[in-house]
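Number of protein chains: 2
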Amino acid sequence: MDVEDTVFLLPGPVKMHPRVLRAMGMPAINHRSAAFQEVLGEVRELTKYLFQTSGRVAVLSGSGTAGLDAAVSGLLRREDPVLCLVNGKFSERFHDLCKVYAKPTPLEFEWGQPVDPAKVAAALEKGDYKAVTVCHNETSTGLTNPVKEIAAAARKRGAMMIVDGITSVGGIDVRLEWGIDALVMGSQKCVAAPPGLSAVAVSERAYAALHESSSFYTDLKAHIDGLEEDDTPFTPAVPLFFALREALRMLKEEGLEARIKRTTRLADATRAAVDEIDLGMFPRKGFESNTVSAIRYPAGVDDKKFRTILEEEHRTVVQGGQGHLKGKIFRIGHMGIVSIADLVAGFAGIEATLAKLGHRFDRGAGVAALTSFA
Amino acid sequence: MDVEDTVFLLPGPVKMHPRVLRAMGMPAINHRSAAFQEVLGEVRELTKYLFQTSGRVAVLSGSGTAGLDAAVSGLLRREDPVLCLVNGKFSERFHDLCKVYAKPTPLEFEWGQPVDPAKVAAALEKGDYKAVTVCHNETSTGLTNPVKEIAAAARKRGAMMIVDGITSVGGIDVRLEWGIDALVMGSQKCVAAPPGLSAVAVSERAYAALHESSSFYTDLKAHIDGLEEDDTPFTPAVPLFFALREALRMLKEEGLEARIKRTTRLADATRAAVDEIDLGMFPRKGFESNTVSAIRYPAGVDDKKFRTILEEEHRTVVQGGQGHLKGKIFRIGHMGIVSIADLVAGFAGIEATLAKLGHRFDRGAGVAALTSFA
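As you go down the protein sequences, you meet chains A and B in turn.
Quick note: the first sequence uses my numbering, first residue 1, plus one each step.
Quick note: the second sequence uses my numbering, first residue 375, plus one each step.
Same shape as in the complex, but just chain A:
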């Protein structure tokens, strides 16, 4: 198995373009030089483009969780009640994070079911919450939560809205103007850069509310203020910034709207293929994610066997389920620069593997469905 040459369909990290890989291989340069200031300035402007904002943004040398850490530790204080909407592994972790920096109350929904904005509104009426957290796109269940409606409910009660957009920003439309106060992305997802960087966009009122008493390395205010001056508060992960710049340039060349449209088309194609080969999607209909498809295993197909054969015989890498979904679903990422051709290559292997493991379906129908979307 050549791990460097696979059909790479994880829900992140995702396939990187050779341009991005080449950009990363730069020799060491001075991160306090005019040359690197130029890089930071361009990264800042491209990050604003990505977030569809003219407001303030930060880019942190740390993965998506570092961005969430920065948002929560910068906006909330230990005594602040926060309502954490939980319907999957990553929103669960978001809740865990809030336990460190604030006083969270979870509002749980079944995994695979969306957060219900009406229930959020009801919970906000009962408690005096300073903020609400939600995972826009639950990577663990392949589900997109109705963040616009949730943000409207939070804004109505004056609560700050902190959104994990790690697998949505750049792939699914999401805007600060919906009433979001902090929105977090991760470099290795829809932007198709390497893992290790995260970015945060904040509203005006969130920026005004930032404090610096709960965290140092992930101090959001310091990162925002630094970047405004083409600088970083601490040594940045220089090679990752070069890679992110290149990946964001590619995103801008394609256009954010076109990228989101193409991502949607990849999701539609995937769902059509899934249907054709007699599999089912995991999340409730209408809430399936456009960046990550979570697919139920048919009866009798073992997760470990499936992914091993798929990888060893068809050099195709997909992800299994997490938590109690382990063994029940597999997940495919179709964000960033993933193409229909990648999905065709992957589904050819998926079909062959399912057939080998005894699943009965119309062989070739999945690939054909995908191809019709090319």
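No lab work stands behind these hints, which were simulated from the structure alone.
Heads up, simulated DSS-like pairs for lysine-lysine below, C-alpha to C-alpha not over 30 Å straight-line: (1) B/Lys477 / A/Lys221; (2) B/Lys678 / B/Lys463; (3) B/Lys477 / A/Lys103.
With the C-beta cut set under 10 Å, the calculated list includes, among others, these residues of chain A facing chain B: (4) Asp5; (5) Pro13; (6) Pro27; (7) Pro233; (8) Val317.
The C-beta atom is built at its ideal place from N, Cα and C for all residues, glycine as well.
Fit chain B to the known structure of chain A by using the hints.
The following block gives chain B in isolation, referenced to the frame of chain A:
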């Protein structure tokens, strides 16, 4: 000016070997796969070799400050009094960091003067400190603090010793067995990997004292426990781990003792050259760092002019001073894979630039001195 092709003599990041650059350019791989577990396992063992310990270590996806953040937030609580030894820019920042997670009292020494262990002992007798922080190698002043003596004083009073070894680990001998409880390194310094990772080694008693209530992304216990199982608590900066592994392999091939010896020789050579061209070292004699030389400008030589000519005409990159040392000193890094040949190339430019700016000295004497160390 070609920023990718210079004589690169910063006090970090430092020159990277092509092997390290190539290792970084890997395509995306699954960070929850057996292939990456193998990488993490090797990084863990090589990191223990680097720290000369069989105890526990963590590698964080974040620069040196993330490592310090993890050590302080994991070991101390808000009400814990900590004595912060301050004699430069980085120990000042270390003190700032402690303000977020504990109750620090600074014990200050003049920049360029070492921390006096007797004064530390006296301060520890007066206050009931839970911990002491020190910057082993003050990059800002090119000075190495007597950490062994300081750690002995702390241990005598039962205080935990937290050491910033960012520009010493791998270049200057420093050992947990001296009574150090947490020791932090940065990837872009003596190890000559790219910036963006940090590592922390802890004593047994420090590991037992770790709590998880002050930080999430930099949760030291989670990082240590994860790495013991070839895992990371959050998505790791995959390309940087590949690069760090290669850089640590190179360090082990050379041997830690040989690396430290060679670094010492580079420092001796630099100091000999500095002396020959009628410049002076900044720190007190006997405490000059072996990884970073801080050199006083002679009267009449302007920092900005000097570094601009050096860079533009001799494509040599050195660092200026920080804080109140701005304009007064320049700094050269000679750690990692820097060679006498690099220093010769750099000093040829330094000599030419100084002569152009009116400094009078024996032209060629610096380069000759360096060459005699080859």
